[in-house]
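**Q** Sequence:
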Amino acid sequence: MAEIISDKKGADIIVLDTGKVSTLSDYFVIATVESERQAQAVVDEIEKKIKLHRKRPLAVDGTIDSGWVLLDYGSVIAHIFNPGMRDYYNLEDLWSSAPVVVRMQ
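Residue numbers (the numbering used here): 1 to 105.
These aren't lab readings, by the way, just hints derived from the structure by calculation. Everything numeric in this text was worked out from a predicted model, so none of it was measured. Hints may contain errors.
Mimicking EDC-like on lysine to aspartate or glutamate, the simulated pairs with C-alpha atoms at most 16 Å apart in a straight line are [claimed, not checked]:
| hint | residue 1 | residue 2 |
| --- | --- | --- |
| 1 | Lys48 | Asp72 |
| 2 | Lys49 | Asp17 |
| 3 | Lys55 | Asp44 |
| 4 | Lys8 | Glu36 |
| 5 | Lys9 | Glu36 |
| 6 | Lys55 | Glu36 |
Whenever a hint applies, use it, and build me the whole structure from the sequences.
**A** In structure tokens, the structure reads:
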């Protein structure tokens with residue numbers, strides 16, 4: 001999923017191994033996008049590529065214009081943020097006990 005986001009020019013992509021510290025999911029994928037248009041492109045591409053594996057999100061929360069979209073695939077939850085919302089929610093600090101398994105600029 002991190003590669004899909006990177007292909008659409010998502011930035012500051014981090015994958016956290018949350019399975020060791022939470023029952024919510026095994027991994028969080030956190031990324032920043034610079035515009036609503038880019039956010040929509042990232043969300044659409046994730047859904048399209050994952051659908052090829054016959055998987056659909058269990059839930060999609062947030063909206064493109066809110067600055068945060070969450071795609072819940074059960075074992076993996078993607079958080080797509082604009083810069084302001086990423087700073088505000090600061091999930092990396094909230095989940096600081098989860099090991100970082102991927103970091104992409």
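**Q** Hints first: check each against the structure and report whether it holds.
**A** We went through each hint and held it up to the structure:
1. Lys48 with Asp72: holds, 14 Å
2. Lys49 with Asp17: Given pair lysine 49, aspartate 17 is violated - Cα atoms ~22 Å apart, limit 16 Å.
3. Lys55 with Asp44: holds, 14 Å
4. Lys8 with Glu36: holds, 13 Å
5. Lys9 with Glu36: holds, 13 Å
6. Lys55 with Glu36: Violated: lysine 55 and glutamate 36 sit about 25 Å apart, past 16 Å.
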